[in-house]
Amino acid sequence: MLDVLRINLCSPLTLSFALGVFARLVRSELALPRDLYTGLSIYLLFALGLKGGVELSHSSLAEISGPAFVTVLLGVLTPVSAYLVLRRLGKFSVSDSAGIAAHYGSVSAVTFIAAQQFVTSVGAPAEGFMPTLLTLLEIPGIQVALAIGAFQLAADSKSSEADENAVPPRPFKEILHELLTSRSMLLLVGGLVIGVAVGEAGWKPVQPVFEGLFKGLLTIFLLEMGLAAGSRLGDLKKAGIFLLAFGILMPIVHGTLGAWLGSMAGMSIGGCTVLATMAASASYIAAPPAVRMTLPEANPTYYLTAALAITFPFNLVAGIPIYFEISKRLCH
Amino acid sequence: MLDVLRINLCSPLTLSFALGVFARLVRSELALPRDLYTGLSIYLLFALGLKGGVELSHSSLAEISGPAFVTVLLGVLTPVSAYLVLRRLGKFSVSDSAGIAAHYGSVSAVTFIAAQQFVTSVGAPAEGFMPTLLTLLEIPGIQVALAIGAFQLAADSKSSEADENAVPPRPFKEILHELLTSRSMLLLVGGLVIGVAVGEAGWKPVQPVFEGLFKGLLTIFLLEMGLAAGSRLGDLKKAGIFLLAFGILMPIVHGTLGAWLGSMAGMSIGGCTVLATMAASASYIAAPPAVRMTLPEANPTYYLTAALAITFPFNLVAGIPIYFEISKRLCH
Amino acid sequence: MLDVLRINLCSPLTLSFALGVFARLVRSELALPRDLYTGLSIYLLFALGLKGGVELSHSSLAEISGPAFVTVLLGVLTPVSAYLVLRRLGKFSVSDSAGIAAHYGSVSAVTFIAAQQFVTSVGAPAEGFMPTLLTLLEIPGIQVALAIGAFQLAADSKSSEADENAVPPRPFKEILHELLTSRSMLLLVGGLVIGVAVGEAGWKPVQPVFEGLFKGLLTIFLLEMGLAAGSRLGDLKKAGIFLLAFGILMPIVHGTLGAWLGSMAGMSIGGCTVLATMAASASYIAAPPAVRMTLPEANPTYYLTAALAITFPFNLVAGIPIYFEISKRLCH
Amino acid sequence: MKTVQLCLVTVIAESILKERLIQDVRDAGARGFTITDADGEGSRQRRVGAILGANVRLETIVSKEVAEHLLGILSAEYFERFAVIAYLSDVSVIRGEKYV
Amino acid sequence: MKTVQLCLVTVIAESILKERLIQDVRDAGARGFTITDADGEGSRQRRVGAILGANVRLETIVSKEVAEHLLGILSAEYFERFAVIAYLSDVSVIRGEKYV
Amino acid sequence: MKTVQLCLVTVIAESILKERLIQDVRDAGARGFTITDADGEGSRQRRVGAILGANVRLETIVSKEVAEHLLGILSAEYFERFAVIAYLSDVSVIRGEKYV
Ligand SMILES: Nc1ncnc2c1ncn2[C@@H]1O[C@H](COP(=O)(O)O)[C@@H](O)[C@H]1O
Ligand SMILES: Nc1ncnc2c1ncn2[C@@H]1O[C@H](COP(=O)(O)O)[C@@H](O)[C@H]1O
Ligand SMILES: Nc1ncnc2c1ncn2[C@@H]1O[C@H](COP(=O)(O)O)[C@@H](O)[C@H]1O
Ligand code: NA
Ligand code: NA
Ligand code: NA
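Residue numbers (numbering that gives the first Met the number 0), protein chains in the order written: chain A, 0 to 331; chain B, 0 to 331; chain C, 0 to 331; chain D, 0 to 99; chain E, 0 to 99; chain F, 0 to 99.
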């Protein structure tokens, strides 16, 4: 376990995230150009899809159906559990609860990648179709949480948030369209399809870019993530002790659930670990804009701080190894 | 032939172009940052030049002179044929005809690269000096077409486009200077010269970037090309059926001409295919700004739609294999 | 010696710098997007630090202490010598002298890299801890020169530059903070620490990006440096003959001093050459903004032209080989 | 040269609203607009950087009526909930007919 | 603080004209200018993206005369054929002499 | 819609001053600001490109008093030594209380 933690802590990924946080703490002017950030996230999502597609071309529908089912199940369960905890125990407003829940119902691609790297490095690689599961998990969670929010707000008409004179112009099909055609979905799914279509033969010539550069560019991306997280540390106190606990305990609950469902679906230890990490992770690429647009009353400080400054580093440093240990016990 | 088509269709290049078009069709907000586009085109042109230079350092003047001559010949013939077809048959205005002809007289670097990839993948690599021919073909066609346009406009003084009170400030040497010092020329020619100077020894250390990453980055570039083409599909009806036919048939004519002249100059099947593709392709890097500046009355919708949304995908998908088949018959 | 010069001249680095200068001379519109420049410099500094850190993890404190000491010594001596020459012989104003001295007291990362490449290519690689010395030399020189400037300005209160009603808001600790938390320092030192922490094991997966792409991306960066230098050539006459001589002779003096101190500290020929180059080089990443902020009266035309358009190309083309010859004689 | 007095409406808003604002501007009857990227700070915290994007700055030259209409839409839809401000200034243009 | 009333000319134009506009601004007698990148839409279609570039937004603070002169150049050279608009507004500056 | 007349201060400055200017704007009492990147040319040479960065364009809507105060700070600290200009224009906003 300790050794496993070491592997994780001493990876360039974790450390360059830490460097980014540090840079903000010492009030450095270090910043990645915005276009570089956009370019890197486009690259990472597309590469993820392509590689996943090539690997998918080796696996049969039979193998996937089970894991796919439990993944969608996680996409429904996790936002609900997150919402209830935040609303009932945390006493957050409907909008805030639904907004945060949307992030924890979806999945963080970077955390997913870190988990993939981890299981490979400890010699328990995950199934080839994991990126496919990633695309399955990305959207439902957001939709479910936003639906809960909209429904609740409509319900308690006495609440100050009742007069929805701005939400009508945001019908659900519009939100769904935005999510389905969002950059991350298009690049992931598009990459998957292309990967399946071209197979190993077509993959070879582009492999140097989409596989060879992957970890290095991810390291640079994590520097930027660290900068973004670092600039949110100041908001931790605003977020409060409850959200801090939530950002650490909720992932463990969701992770355990994910590992268990994964083992039910007969996945390998590596696969369970990655699925657990997906369930435990909080999205900060697809979810934030969707929530901002649809639940503007939800306070971004809460969901961004929780997802980016609490849960992401927790998963990166301690979460993934924990989910690995849990998976080991569940998939004997 | 079918197999050849498959190779071409299932390449990541073609498919990520298609993904870009698809993204526009579903009205996705996916977009590459402008600086990424610029950076990628700078990389592609420079890498093209460097690699070409290194290969050029292996070939003798004797080998090149013939192919070089027919290339320049193509640079004079293709814009004239294009202009006449557009003006006489298509009844386009002088400016529009000259503007479109400038694009078809020049060459598309990306189409050129795709042809290079193709002939290599079918085991008929082109001569090492092809990038040199590319630089020879880029400019003359634009110049010739712009000259025709300016001359015609000056001639029929009764035409509404006669009062050239804005063209005088655009003397030809100025336009020529712009073209010769344009980004694409400098990077291509500069790369060639550097490549020749450093040779294999100097090439080795930079090869991982300028060769290793080439196809992968080109794939990303084609995603952007697809986005640009996709956003022009709406203009297809404005462009009209004639331009649609022109964008497919003119390349075949120019391609056949190119293949034939190539075989006359004793080039290999691969070389003829690439030369044919160059002749058949329409520039959308060097030509558009030159035409916009010099013939502002020419409607960009026509030349951009024809070059980018019709001819480019046609060549990418069907054109190149066709020129290959033609070349096979012409050279032996 | 001649052969050595050839190696240096025919490297893609030197030639693409030359291409950039040429592009400006022919008034081309070629320009790298600003974000690309920023991205590349972030990459180069971070990669430099990482690689240095991994190598540092192999060397002992004992080996480093001597070289580290002479490096800091150079950081104190070179700005002073530069200041005195400029003020006494060059009759430059206090601000201009201090401003230029700050650049020559610090070090140019790109020149450092070129020197590293050079000694490797001639088969006399430098010690693994050189990047550590780079970080030691970057800041002191700037600080010393700015201190001299501020002190002098305070002193001669009759000088027109006396009324320092703008400098008070720039206390030294603020300047020091800016320098210590500057992008280049954070990435270099951060990279070093990460490199040491992850060691060879963690380095492997990111090596393709941070080592494999290094020379190629540096080539592109030098294209931009060439463009920047080229756009300053016009200022050469404003800079005047003295600054031209200074930009060539001062480096030779500092280089000789560096080589000698290096040999005193028992460094290898390669190490002495690189240390000499560091002493001889003039910073144009860390120094310019620091000087601009702190000594606004100093004319940027002087320090930028001297550092970028005179000393940098001189070192790149002739300086490095010269320091190598000197080092060969000193470290028998 | 004969110029016409028109109204320049400048809107600064968080960037995720970009496409919606463009639609609102068209709906309000504007004949054109210009957009630039921007950072900023206001009653809400400093808007920079990656995750949620920064701001956009949208300018449109319109008639007094269209300006009024646009301000109406903006304050109804955005002012309370989103990081959005808008201000009016007088500008003179030639080819006045182009904008109304 | 004593301020002077001057004329701010803002020009929005398709980006390939950038260098030509800068020359025109200098020729018209302006002592300086500021340029930012922009997207936009007008009588011609939405100007974004890669191939032909988008727009530039050029500002220059000048005297009434220079402003008139500049508008003259712009409408003669560009208004019909290119995607270009220009508008005037009043601004007050200190150091008025700097701009004329 | 009821609007209030306020003062728009636009500052164009070399980009290394960005953080210092933001501080000055806050100190002067502004409630917010908007910043865009810009290139430019003036009495000092053309400001573009890499080494020292180009310009930033900062806008802040403030009361007449704050505007006066801000101009005072700017001219004391920057006008002589740095590439900085500033100008005032009148704008009308709704929610006037937001800015003062
Ligand atoms: N007083 C102001 N002057 C200029 N821009 C402002 C001002 N107040 C707000 N803004 C801009 O409007 C955006 C949203 O404002 P707010 O909703 O107050 O956070 C900010 O991010 C700024 O870019
Ligand atoms: N009414 C307007 N308000 C603001 N900007 C405009 C307006 N009309 C046009 N523009 C800008 O000027 C550019 C050229 O306009 P046009 O020639 O009408 O296409 C457009 O791309 C817009 O950026
Ligand atoms: N007359 C002007 N109109 C618009 N912007 C100007 C003007 N003069 C100067 N500027 C801007 O202010 C910056 C600094 O001006 P200067 O200190 O005169 O070099 C320049 O880089 C321009 O961006
Ligand atoms: Na999750
Ligand atoms: Na052609
Ligand atoms: Na030095």
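No lab work stands behind these hints, which were simulated from the structure alone.
As the structure is a computational prediction, the values presented were derived from the model and not from experiment.
It is possible that some hints are incorrect.
As the list claims (entries may be wrong) - The calculated PhoX-like cross-link candidates involving lysine-lysine, where the alpha carbons are at most 20 Å apart (straight line), are:
# : chain 1 : residue 1 : chain 2 : residue 2
1 : D       : K1        : E       : K1
2 : F       : K97       : F       : K63
3 : F       : K1        : D       : K63
4 : E       : K97       : E       : K17
5 : F       : K97       : E       : K1
6 : D       : K97       : D       : K63
7 : C       : K90       : C       : K237
8 : E       : K63       : E       : K97
9 : B       : K203      : B       : K90
Hints, verified against the model:
1. D:K1 - E:K1: Not satisfied, since the Cα-Cα distance of roughly 31 Å exceeds 20 Å.
2. F:K97 - F:K63: holds, 15 Å
3. F:K1 - D:K63: Holds - the C-alpha atoms of K63 (chain D) and K1 (chain F) are around 13 Å apart, at most 20 Å.
4. E:K97 - E:K17: violated, 24 Å
5. F:K97 - E:K1: Status violated; Cα separation ~28 Å.
6. D:K97 - D:K63: holds, 15 Å
7. C:K90 - C:K237: Holds, at roughly 15 Å.
8. E:K63 - E:K97: holds, 15 Å
9. B:K203 - B:K90: violated, 53 Å
In summary, the numbered hints that this structure violates are 1, 4, 5, 9.
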